[in-house]
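Now for the letters of each chain:
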Amino acid sequence: MAAYIARRLLWVVFLLFMITLITFVIFTVLPSGDPAVLRAGRQPSPQLIAAIREQLGLDKSKPVQFINYIGNILPFLGHNGFDFGFSYQNQQDVLPAILDRLPTTIFLTLGAVILWLCIGLPIGILSAVRTGTWYDRLAMGIALVFISAPVYFLGLVALYLFANDIGVFPILPGNSAYEQASGFFGKAEALILPWFVLAAAFAAVYARFLRGNLIDTLQEDFIRTARAKGLSERKVIFRHGVRAAITPIVTLLGLDIGILLGGAILTETVFNIPGIGRYAYNAITQSDLPVIQGTVLFGAFFIVMMSLLVDILYAFIDPRVRY
Amino acid sequence: MSTGTGASDLLHAEDTAVDEIVAGKAPVAARSPLQLFWRRFRKDKVALVAGCFILFEITVAILAEPIRKLLGAPPPNLQSTKALDEFGLPLGPSADHIMGVDQIGRDVFSRVLNGAQVSLKVAFIGTGLSVVIGVSMGMIAGYYRGWVDTAIARCIDILLAFPVLLLGLGLASACSDKDGCLGGVLQPGLPVVIAIIVIANWPYVARIIRGQVLSLREKEFVEASTSLGASNMRIIFREILPNLVAPIIVYTTLFIPANILLEAALSFLGVGVQPPQASWGKMLADATSIFDSAWWYMFFPGMALLLTVLAFNLVGDGMQDALNPKSGQNR
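If you're matching them up, the sequences are chains Y and C in order. If you use the numbering used here, the first sequence corresponds to residues 17 to 339, in order. If you use the numbering used here, the second sequence corresponds to residues 3 to 333, in order.
Next up, chain Y with everything else stripped away, as it sits in the complex:
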């Protein structure tokens, strides 16, 4: 077990290094524009450009720049540490700005996760138990529609129908309600629409996934054994079937949470929620490359760490996993 975790940790360190390298290549090597010129403002003098270039270390070779970049990110290596870059458009450090917005993104993500598990899993179980009935077909049909609908279109439709300022049925706080709301319950109320919209596609994916898994599991010999020894159908399905079929969901869930914590960029954009995703979107519209670079790196760290967590967790809950 310890060896397994150590191996996974080594792999994660390697992955993080590769991610940093590729992020560096994308943002520093690929663009044709000269960042010093971009930063110097309109009609800069050659001296100013040269000064900026030296100040940012752009006069060094690319490998040296990369080592400096890593040195800035990692703590205890001589530089400041935990430095994800500096936004010249907003005159602020990128990492503190991201961390400021993290609680909002966590709030949005966790609410949606609870919602989609509460909707998706029961539908999946019911569909698997009643395979081929009209209920099953209807549920899976609706699920496929939600999987096919882009979240921003769903968001706009939801706002059009239910937002209390513009909606046809004005019953829920709409666009940009989050920033005006105060207190935990005010914020939570403002997130009702975004939670449902974000959870819709995930609930559909989880329902389909659990249904497929459960159908396969219910064909297994141990289910027949459980039935043969006279257990009630309820016990067979929940104690034996669902319990085995639900383990792969953990992997899916961990990765999805990791992705969303890096910024639910489309949902946050449509509903104007000031999370990491919205921060990245604003940076994209202003071509603020250091911020985009910082959010990409931050999101990547989250995803890699969540997948590590999932792998370790999986080794505990699934006895079949070999270390």
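Just to be clear, a hint being listed does not mean it is correct.
Said to hold, decoys possible - Here are the simulated distance ranges between beta carbons:
(1) C:82 with Y:185: 44 to 52 Å
(2) C:25 with Y:245: 48 to 56 Å
(3) Y:87 with C:225: 50 to 58 Å
(4) C:100 with Y:238: 37 to 45 Å
(5) C:220 with Y:267: 24 to 32 Å
(6) Y:205 with C:34: 55 to 63 Å
(7) C:131 with Y:266: 32 to 40 Å
Keep in mind the hints are simulated off the structure, nothing from the lab. Here a beta-carbon is modelled for each residue, glycine too, at the ideal position from N, C-alpha and C.
Based on the hints, put chain C in the right spot on chain Y.
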């Protein structure tokens, strides 16, 4: 998707065929995997309807310009102040503009048509390139094994562990400068979107193909071919590749809707298709600020996107069920 045609129908169909053979009316002929695949697929009526919808849409996208002229709709980039009301707000569906106009008076119908062109083009080219690269890499890794396999498999592992969408977003914004990136090789717009699709997809294709090839290369028919003195190339292309056709078709169909959504999302965020070219995602982004008064600007591109992706998903599901009748949903 299941349409409820279960094993009994299939068995029945087999019976009649067997009867004919026994009666001496039909010759005994083995069905190729593709024939079997088609026999199962065509039982799925929902998938068939979705497939017809896709064919219809492809035709419409190819003939977008003649269709637009036939219906008398204005060109997609023509701005018309006549279509805006006295406050400068766009007017809704009317005889002149059957889907209304956008915030600067462009006809939504012809832009949705053009959006279909862009969307399908990007998805087909991007998916096609990823499948070609993925299948080649997967076949090389699975067939030759050894260090080549190790190198390719590690590469796949890294890319799959990567948050590729996030990096795609980064790549798209890094290249959104007018000079493009890689010294101007990758221009903003369609090329960048296609590049992102290829980077995101080929590892999945390669992993699937590699697994299939690893098992196929141990089969007797490959051994027979080797003992007849066939070259590696001949075995790869004449023995192994034909057995991969069905999975390649299925996974291609499943990748296309994901890529249509990816293009739309990138365009929605402003780093995909560049204006003034029409894209459903970009139209939805523009609609965000005016959708409360101009529902048509949100509704028509959104529905076009939804229906297209749904149709591809239905066909993909049907194909997957037809390919793996045991593990599919058709039970």
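### Hints violated by the structure (listed by number, smallest first)
Checked against the structure, the hints that fail are numbers 1 and 4, while the rest are satisfied.
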